[in-house]
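Visitor: Now for the letters of each chain:
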Amino acid sequence: MAQGNKHEPLLRIVKRGESPFRLKLLVRIAAVLLALIADALFIYFVTGLDPLAVYTTMFQGTFSTPMRFSWAMRDLASLLLIGIALAPAFKMRFWNIGAEGQVLMGALATAAVMVYYGGKVPNAVLYAAMLVAAVFAGALWGFVPGWFKARLGTNETLFTLMMNYVAIQLVACCVNIWRGQASGLGKLNMRSKAGWFPQLFGQRYNINLIIVVLLVVLMYCYLRYSKQGYEIAVVGESENTARYAGINVGKVIIRTMILSGALCGLTGFLIVGGRDQTISTTTAGGNGFTAIIVAWLAKFNTFYMALISFLLIFLEKGAGEIASAYNLNDFASDIIAGIILFFILGSEFFINYKPIFHLGKHGTITKEAA
Amino acid sequence: MEYAIELRHITKTFGSVVANHDVSLSVRKGEILSLLGENGSGKTTLMNMIAGIYYPDAGEILVEGKPVEIRGPKDAYACGIGMVHQHFKLIDVFTAAENIALVLDRREKYDLKAVKDKARAICERYRFDIDLDQKVYEMSVSQKQTLEIIKMLYHGAQLLILDEPTAVLTPQETEKLFAVMRNMKADGKSIIIITHKLHEVLAISDRVAILRKGEYAGTVETCAATEAMLTEMMVGKKVELNIERPEPVNPHLRLSVHNLSVTNAEGVKVLDRVTFEAFSGEILGIAGISGNGQKELLEAIAGLQAADKDSSVVYYPDDDRDSTAEQLIGKTPRDIRDLGVHLSFVPEDRLGMGLVGSMSMVDNMMLKSYNEGRSILTDRSAPRHLAEEIKEELGVVTPSIHTPVSRLSGGNVQKVLVGREIAAVPSVLMTAYAVRGLDIHTSYTIYRLLNEQKKKGVAILYVGEDLDVLIDLCDKILVLCGGRCNGLLDARSTTKEEVGLLMTQIKEQQEGGVA
Numbered sequence: 534m535a536q537g538n539k540h541e542p543l544l545r546i547v548k549r550g551e552s553p554f555r556l557k558l559l560v561r562i563a564a565v566l567l568a569l570i571a572d573a574l575f576i577y578f579v580t581g582l583d584p585l586a587v588y589t590t591m592f593q594g595t596f597s598t599p600m601r602f603s604w605a606m607r608d609l610a611s612l613l614l615i616g617i618a619l620a621p622a623f624k625m626r627f628w629n630i631g632a633e634g635q636v637l638m639g640a641l642a643t644a645a646v647m648v649y650y651g652g653k654v655p656n657a658v659l660y661a662a663m664l665v666a667a668v669f670a671g672a673l674w675g676f677v678p679g680w681f682k683a684r685l686g687t688n689e690t691l692f693t694l695m696m697n698y699v700a701i702q703l704v705a706c707c708v709n710i711w712r713g714q715a716s717g718l719g720k721l722n723m724r725s726k727a728g729w730f731p732q733l734f735g736q737r738y739n740i741n742l743i744i745v746v747l748l749v750v751l752m753y754c755y756l757r758y759s760k761q762g763y764e765i766a767v768v769g770e771s772e773n774t775a776r777y778a779g780i781n782v783g784k785v786i787i788r789t790m791i792l793s794g795a796l797c798g799l800t801g802f803l804i805v806g807g808r809d810q811t812i813s814t815t816t817a818g819g820n821g822f823t824a825i826i827v828a829w830l831a832k833f834n835t836f837y838m839a840l841i842s843f844l845l846i847f848l849e850k851g852a853g854e855i856a857s858a859y860n861l862n863d864f865a866s867d868i869i870a871g872i873i874l875f876f877i878l879g880s881e882f883f884i885n886y887k888p889i890f891h892l893g894k895h896g897t898i899t900k901e902a903a
Numbered sequence: 088m089e090y091a092i093e094l095r096h097i098t099k100t101f102g103s104v105v106a107n108h109d110v111s112l113s114v115r116k117g118e119i120l121s122l123l124g125e126n127g128s129g130k131t132t133l134m135n136m137i138a139g140i141y142y143p144d145a146g147e148i149l150v151e152g153k154p155v156e157i158r159g160p161k162d163a164y165a166c167g168i169g170m171v172h173q174h175f176k177l178i179d180v181f182t183a184a185e186n187i188a189l190v191l192d193r194r195e196k197y198d199l200k201a202v203k204d205k206a207r208a209i210c211e212r213y214r215f216d217i218d219l220d221q222k223v224y225e226m227s228v229s230q231k232q233t234l235e236i237i238k239m240l241y242h243g244a245q246l247l248i249l250d251e252p253t254a255v256l257t258p259q260e261t262e263k264l265f266a267v268m269r270n271m272k273a274d275g276k277s278i279i280i281i282t283h284k285l286h287e288v289l290a291i292s293d294r295v296a297i298l299r300k301g302e303y304a305g306t307v308e309t310c311a312a313t314e315a316m317l318t319e320m321m322v323g324k325k326v327e328l329n330i331e332r333p334e335p336v337n338p339h340l341r342l343s344v345h346n347l348s349v350t351n352a353e354g355v356k357v358l359d360r361v362t363f364e365a366f367s368g369e370i371l372g373i374a375g376i377s378g379n380g381q382k383e384l385l386e387a388i389a390g391l392q393a394a395d396k397d398s399s400v401v402y403y404p405d406d407d408r409d410s411t412a413e414q415l416i417g418k419t420p421r422d423i424r425d426l427g428v429h430l431s432f433v434p435e436d437r438l439g440m441g442l443v444g445s446m447s448m449v450d451n452m453m454l455k456s457y458n459e460g461r462s463i464l465t466d467r468s469a470p471r472h473l474a475e476e477i478k479e480e481l482g483v484v485t486p487s488i489h490t491p492v493s494r495l496s497g498g499n500v501q502k503v504l505v506g507r508e509i510a511a512v513p514s515v516l517m518t519a520y521a522v523r524g525l526d527i528h529t530s531y532t533i534y535r536l537l538n539e540q541k542k543k544g545v546a547i548l549y550v551g552e553d554l555d556v557l558i559d560l561c562d563k564i565l566v567l568c569g570g571r572c573n574g575l576l577d578a579r580s581t582t583k584e585e586v587g588l589l590m591t592q593i594k595e596q597q598e599g600g601v602a
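Residue numbers (the numbering used here), protein chains in the order written: chain A, 534 to 903; chain B, 88 to 602.
No lab work stands behind these hints, which were simulated from the structure alone.
Heads up, a few of these hints could be off.
Claimed, not checked - Below 27 Å or equal to it, Euclidean Cα-Cα: the simulated DSS-like pairs (lysine-lysine) are: (1) A:K760 to B:K455; (2) B:K300 to A:K887; (3) A:K784 to B:K455.
Remember, predicted model here, so these are calculated numbers, not experimental data.
Isolated chain A (complex conformation) (with noise of 0.2 Å):
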């Protein structure tokens, strides 16, 4: 029927309906599969390794010894908590920017209560009160872009990233007054170890990666079942529609501004307590960026931002591990782990999206003319 349509467009891009979740599995396996190839190629042609065994080393850089594996469960944690931290709040359409500035806040705080009170205060006394503290802080944190965008309309996204800046001079300053004539702070309660979590199971990061795992069951509950979390979602869509439901707007978006700072502050306290028994500037090292990606990948689904949050950890180890391994700068080694993460992505685009090429006969009418 096609007939007489001479100069139907060669590529014509047609959305999906709802994709079956074969198609969805053997779509992203096929970008996987595309994306070693284009990466081979690159390795090949562009340093001149072999492609095979730089893959190898790539899965060393998370998967070679139980040290390694413990560090990208560490790593995984932070990033996944902030994640999880978002979530409500992306959830609800409020642009938090600030997520770096709240865990900070909330590293701080707990830091704060190392100092103050390690070794003189009991150690359980001491961890209560550093939890206390930290999700204190990264609720502050949360509740005033929160509170102003409810009852004076500002932009949240000025707002909270603003914030950051905030804490970040906060915390330089904290860190001046702790360090004293040292040249850097250096583990907090070095010799007493007051306020450092313990092993559990053998395992230093343990207690982190439990909290996480509870925390990405919970959160997938809060915001699937609960009534808040209707409440969060309505919000989102139209705040007309919350309003005709009789939901208090300024209520939601003031109490889900800050649960979602107190669970940064909890990363924060988890960071300190738990990783680096010490605050910088740096503690939240751009995660708080980054899992703004995470959330919006997963579209709020937290056992999906878990995979999301590895993928990116595997890949930034492998990065690191090539670029030491083979002597190559971070350019090329990040170039590798990006072409995996572009084809990745990109392959979404083809789970909602059907291209038509249309070559068949007129293809063939227009080669032979040529």
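Starting from the known structure of chain A, arrange chain B on it as the hints suggest.
Guide: Leaving out everything else, chain B in the frame of chain A:
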């Protein structure tokens, strides 16, 4: 006979949804063709393919006997095809002439004076009434529509497509539009008009083409057609086209609105001391040109809109006037619900206020009731049953009750919303443009549902735009004009002309009429 345009075997699918399947139809030169079909029957999709918005999956389009490729709106313009969409494509801060100049080719010189001269010639030829220097944001809907048509004619359109042009017009404005359409027809232009109003179809068109569920169901000569016959072709079976109006049984005062005024954010009084009473078992129609305070009136009663001082809306639960009367002004929607007032509201903006587009039918069912009970978790079993029930009873066409409602067609979205509001067992039911954009079949379903509620003793406020329906369905009609109550009529004895006049002219200053 040479055709202005001919469609042959057009098919268009979106994902798994077939919007048009093997549709063939033609428009003669100098003819007005009505395109008729239920909601979701693929009328707009088909027209969008002619206008270059979509590209057909299969089939071909012939303009004046020659096959053409329409890959974008520019191609359509080049073929002499112009479409006036339901949502106008105008720039508010530009004047009429500037909007017309927008369609100039990039290579053409921007000469506003020449544009105006040419546009003025077009206006004179077809007797359009428009000020070319007026800014679009100062224009009425009808003027904007006129401007869109002029824009298309300026472009050299030989075939005009009008997508539901009369949905937003008063009867008087509709008459004006039809007069212009007849002028254009006399000049040899061809016109395709999409409308749901059968009497308009019969009044204006030469032939009627009918689509049913995306397929072509036939074309009939208008002179040989009747409303019943067209409806039957459209729906595929016989449909009763009478609006019932049962006598109110034992009406008593339910809602007393007194001196209700609303001032908007710009400081303009959009509602000015409106006073009326609504009774149980009655349908009170609210007529008026769109934007004359209807939205604010309903929202103020529902607690969604702050009212000015001295406004009063008192709710009476039963015959006893004084015992438990409740003042609703100053309360939030939740406060009102907590008082035990069952106020149902079908707002004009279905997906922007009444429903959450990205959520399923199930989740939408609990929009107003999710908070009931002590548990911190939501209970989805009751909403699921309700969604099943509404899907079944109102015939909602959806792949599943778990599909996001934004994927449903307009008529089905409305069924979901009306179904939920009625299921809440209201004592007051307010509807704003409940049948806007709905096909005749669904519209009659809605009228039937409203009448059922009326018989149950619900006080109904029905904001409508189709005067025939208002007069047939309602018991009383309140006419709003410029935010003021411009008359309360007995629907059984009034006429369309009387209502139309009150809609356009403030009573006190009839001589200096604004129409």
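Visitor: Which of the listed hints are broken here?
Guide: Hint check: nothing fails, all pass.
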